[in-house]
Amino acid sequence: MSLKIKINYRLFREIKTQLFKLVTILSAIAVILPLLLILKFVFVQGAGSLNLSFFTELPKPVGEVGGGMKHAIIGTIVIVMIGAMIAVPIGITCGIYLSEFSKSKLSKTLKLTVDLMSGIPSIVIGIFAYLIVVVPMKSFSAFAGGVALSIIMLPIIIKTSEEILKLVPNHLREAGLALGLPRWKVILFIILKGSIANLLTGIILAISRAAGETAPLLFTAFGNMYMSYDIKSPMATLPVQIYTYAISPFKDWQRQAWAGAFILMVLILAMNLFARFILTKIKDKKGF
Amino acid sequence: MFKLNSKTQDSLLFYILRFISLLVIFLLLFIIFILFKSAWPSISQNGIGFIFKTEWNPVEQHFGALAFIFGTLITSFLALLIATPVSIFVALFISEYLPKSASRILSLLVEMVAAIPSIVFGLFGIFYLAPMVRDSFSPFLKTYLGFLPFFQGPSFGIGILTASLILAIMIIPTVTSICRSVFELIPKHQKEAAYALGSTKFEMIKLAVLSPSISGISSAVVLGLGRALGETMAVTMLIGNSPNITKSIFAPAATMASVMANEYTDANNPQHVASLCYLALLLFLITFLSNLFAKSIVKNFSKMG
Numbered sequence: 034m035s036l037k038i039k040i041n042y043r044l045f046r047e048i049k050t051q052l053f054k055l056v057t058i059l060s061a062i063a064v065i066l067p068l069l070l071i072l073k074f075v076f077v078q079g080a081g082s083l084n085l086s087f088f089t090e091l092p093k094p095v096g097e098v099g100g101g102m103k104h105a106i107i108g109t110i111v112i113v114m115i116g117a118m119i120a121v122p123i124g125i126t127c128g129i130y131l132s133e134f135s136k137s138k139l140s141k142t143l144k145l146t147v148d149l150m151s152g153i154p155s156i157v158i159g160i161f162a163y164l165i166v167v168v169p170m171k172s173f174s175a176f177a178g179g180v181a182l183s184i185i186m187l188p189i190i191i192k193t194s195e196e197i198l199k200l201v202p203n204h205l206r207e208a209g210l211a212l213g214l215p216r217w218k219v220i221l222f223i224i225l226k227g228s229i230a231n232l233l234t235g236i237i238l239a240i241s242r243a244a245g246e247t248a249p250l251l252f253t254a255f256g257n258m259y260m261s262y263d264i265k266s267p268m269a270t271l272p273v274q275i276y277t278y279a280i281s282p283f284k285d286w287q288r289q290a291w292a293g294a295f296i297l298m299v300l301i302l303a304m305n306l307f308a309r310f311i312l313t314k315i316k317d318k319k320g321f
Numbered sequence: 011m012f013k014l015n016s017k018t019q020d021s022l023l024f025y026i027l028r029f030i031s032l033l034v035i036f037l038l039l040f041i042i043f044i045l046f047k048s049a050w051p052s053i054s055q056n057g058i059g060f061i062f063k064t065e066w067n068p069v070e071q072h073f074g075a076l077a078f079i080f081g082t083l084i085t086s087f088l089a090l091l092i093a094t095p096v097s098i099f100v101a102l103f104i105s106e107y108l109p110k111s112a113s114r115i116l117s118l119l120v121e122m123v124a125a126i127p128s129i130v131f132g133l134f135g136i137f138y139l140a141p142m143v144r145d146s147f148s149p150f151l152k153t154y155l156g157f158l159p160f161f162q163g164p165s166f167g168i169g170i171l172t173a174s175l176i177l178a179i180m181i182i183p184t185v186t187s188i189c190r191s192v193f194e195l196i197p198k199h200q201k202e203a204a205y206a207l208g209s210t211k212f213e214m215i216k217l218a219v220l221s222p223s224i225s226g227i228s229s230a231v232v233l234g235l236g237r238a239l240g241e242t243m244a245v246t247m248l249i250g251n252s253p254n255i256t257k258s259i260f261a262p263a264a265t266m267a268s269v270m271a272n273e274y275t276d277a278n279n280p281q282h283v284a285s286l287c288y289l290a291l292l293l294f295l296i297t298f299l300s301n302l303f304a305k306s307i308v309k310n311f312s313k314m315g
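Heads up: the protein sequence lines correspond to chains A and B, in order.
According to this note's numbering, the stretch in the first sequence is residues 34 to 321, in order.
According to this note's numbering, the stretch in the second sequence is residues 11 to 315, in order.
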């Protein structure tokens with residue numbers, strides 16, 4: 034009798050273990066499924082809606098079929114570049130400070146700041162950029178969009194460049210200092226020069242994040258329907274254009290929203306995967 | 011002479027680095043200051059009562075944030091309710107069950123979800139998830155749980171449930187990857203000790219992996235919460251944007267982020283703008299505090315480990 038209970042108890046524990054395994058497998062499927070569904074819909078709908086005029090034409094007036102998003106593609110590139118031009122120098126400088134002077138009090142405060150900054154909702158960053166750029170300039174502008182994106186890129190660049198620069202082995206720094214080089218030369222010509230390619234991957238990661246942001250651009254770059262290279266006036270971007278088209282009632286605009294989403298996804302996933310691939314490689318090899 | 015020179019060069023570099031770093035810290039404070047300053051007309055008029063008033067009527071100049079705070083909290087809460095167990099299970103599956111190469115691929119796939127821009131989630135939500143919720147999830151919930159007030163009322167596809175589902179999908183990668191790194195900190199001998207006591211794999215996971223990771227898991231959840239609270243585009247496209255406080259999770263609502271996205275460009279009377287800035291300030295403070303809280307858990311956790 035007691036033996037039977039023992040066996041049953043054993044069986045019960047075994048069943049629990051198997052059930053648990055099943056639940057974890059099902060959860061993994063539940064996580065991968067939406068990804069596959071999104072990829073499928075974006076690729077099927079987007080690639081199906083894509084044609085050459087999407088890249089070469091401007092939007093047609095409401096109701097007319099056809100037209101493209103040339104202005105939005107160029108606008109995204111321009112605004113992301115403005116953001117990168119602001120965020121990259123500041124971000125890498127802070128990364129240097131964090132990796133070279135990591136024990137100082139300011140370093141710790143900066144680290145906390147960076148963590149908190151990466152948690153700011155992107156819509157709040159949009160409102161901030163509106164208040165400090167759009168209000169004084171009295172006009173929506175591509176520049177304001179660039180400022181908003183730079184605040185989004187900044188924490189990413191600081192964090193990745195800190196991690197990358199920390200991988201530079203200490204004996205390289207010491208070798209430089211032993212040769213009598215001043216510290217700034219060691220930083221500039223040994224640490225930075227050796228890590229430039231790796232730092233670039235961090236920048237690509239930040240760009241891939243910023244290129245997909247919509248909320249901070251709604252009240253800064255705003256968007257328009259014509260070609261514009263003037264950074265002091267509103268400029269269209271892919272995400273905002275997709276948003277405008279997606280919530281519109283016109284079938285042809287919705288079709289173009291999918292095409293835009295397709296282009297955006299391909300760009301972002303390609304940049305993101307590339308940067309991740311390189312970064313894990315760097316970390317595996319410890320950089321040098 | 012040369013030595014002194016290079017020393018001054020170095021201190022110059024040091025001051026430049028310090029200056030730029032201070033600039034970034036100052037930027038964060040400046041964001042708070044600017045939001046506070048722009049929200050001041052509304053803060054001085056409505057005071058703290060702003061948080062507890064439900065009516066939001068820009069035309070008649072009544073501004074209360076409760077409906078939006080409710081929308082933000084309920085969607086984030088439901089998203090966490092779905093995302094937390096799933097993320098923990100997936101993290102366990104990756105770290106305990108899969109062989110190394112397969113676990114790398116799966117975690118890469120999970121992190122790919124985090125790279126998808128939120129506008130694409132919104133697009134997917136509008137055209138596929140919302141009809142799916144309307145035609146299959148809601149009838150299913152109504153049939154089996156319809157006696158509860160949360161699952162009553164008509165479902166249009168657009169509403170709290172759909173927004174929460176998309177939020178859950180969006181925060182799962184964040185929570186999963188933190189949980190996974192927490193589980194990977196567990197020393198191997200601890201697991202072997204559990205096995206040596208005769209545990210099955212499930213008992214080992216419960217004993218040696220999950221219970222020492224509680225604080226790590228909670229910080230992962232709080233960080234996920236921070237993401238969910240501030241998420242804008244996907245939620246704006248899916249929640250229906252009507253500032254109601256309802257019992258039904260099928261009903262449309264509005265969140266703090268969604269009302270900002272919808273109304274900020276059209277707002278032209280100063281009280282309206284200030285009230286939206288007040289909302290932005292509140293949202294900023296909520297996410298700020300929740301991230302700070304998550305950080306403090308991590309700090310205690312790493313101190314223990």
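Hints listed in this document are in silico derivations from the structure and should not be mistaken for laboratory results.
If you're wondering where the values come from, they're calculated on a predicted model, not measured in any experiment.
Do not take every clue at face value.
To spell it out: a stretch of chain A is covered by chain B in this simulated footprint if at least three of its residues, at any positions, have a beta carbon under 8 Å from a beta carbon of chain B; those stretches are [as the list claims (entries may be wrong)]:
1) 88-101
2) 145-157
3) 190-204
4) 233-246
Pairs of lysine to any residue residues, derived as SDA-like cross-links and limited to a Cα-Cα distance of at most 20 Å, are as follows [what the hints assert, rightly or not]:
5) B:K257 <-> B:P164
6) A:K199 <-> A:L233
7) B:K309 <-> A:W217
8) A:K316 <-> B:R114
9) B:K17 <-> A:L233
10) A:K49 <-> B:V219
11) A:K144 <-> B:K309
12) B:K17 <-> A:W217
Simulated restraints on C-beta separations [to be verified]:
13) B:T275 <-> A:K314: 39 to 49 Å
14) A:I40 <-> B:N254: 54 to 64 Å
15) B:S16 <-> A:F88: 45 to 55 Å
No residue lacks a Cβ here, since even glycine has one placed at the ideal position from N, Cα and C.
Do the hints match the structure? See the list:
Counting residues of the segment 88-101 of chain A whose CB lies closer than 8 Å to any CB of chain B gives 0, which falls below the minimum of 3, so the coverage claim is violated. Remark: the segment 145-157 of chain A is confirmed as covered by chain B, as 12 of its residues place a Cβ nearer than 8 Å to a Cβ of that chain, reaching the required three. With a cut-off of 8 Å between beta carbons, the segment 190-204 of chain A has 1 residues touching chain B; three or more are needed, and the interface restraint is violated. Under the rule that three or more residues need a Cβ within less than 8 Å of chain B, the assignment of the segment 233-246 of chain A holds, with 5 such residues.
Distance check on the hinted pair: K257 of chain B and P164 of chain B sit about 12 Å apart at the alpha-carbon level, within 20 Å; holds. With a CA separation close to 15 Å, the supplied pair K199 of chain A and L233 of chain A stays within the 20 Å bound. A hinted pair counts as satisfied when its Cα atoms are at most 20 Å apart, and K309 of chain B with W217 of chain A does not qualify at roughly 33 Å. A C-alpha spacing of about 14 Å is found between K316 of chain A and R114 of chain B, which places the hinted pair at or below 20 Å, so the restraint holds.
In summary, the hint linking K17 of chain B to L233 of chain A is not supported, as the alpha carbons are separated by about 31 Å, beyond the 20 Å threshold. A C-alpha spacing of about 17 Å is found between K49 of chain A and V219 of chain B, which places the hinted pair at or below 20 Å, so the restraint holds. Our distance criterion of 20 Å between C-alpha atoms is met by K144 of chain A and K309 of chain B, whose separation comes to about 13 Å. Among the hinted pairs, K17 of chain B with W217 of chain A is consistent with the structure: their alpha-carbon atoms are about 10 Å apart, no more than 20 Å.
A hinted range of 39 to 49 Å for the beta carbons of T275 of chain B and K314 of chain A is consistent with their spacing of about 44 Å. Between I40 of chain A and N254 of chain B the Cβ separation comes to about 57 Å, which falls inside the hinted range of 54 to 64 Å. Here the CB-CB span from S16 of chain B to F88 of chain A is close to 54 Å, well matched to the stated 45 to 55 Å.
In terms of the numbered hints stated before, the structure departs from hints 1, 3, 7, 9, listed from lowest to highest.
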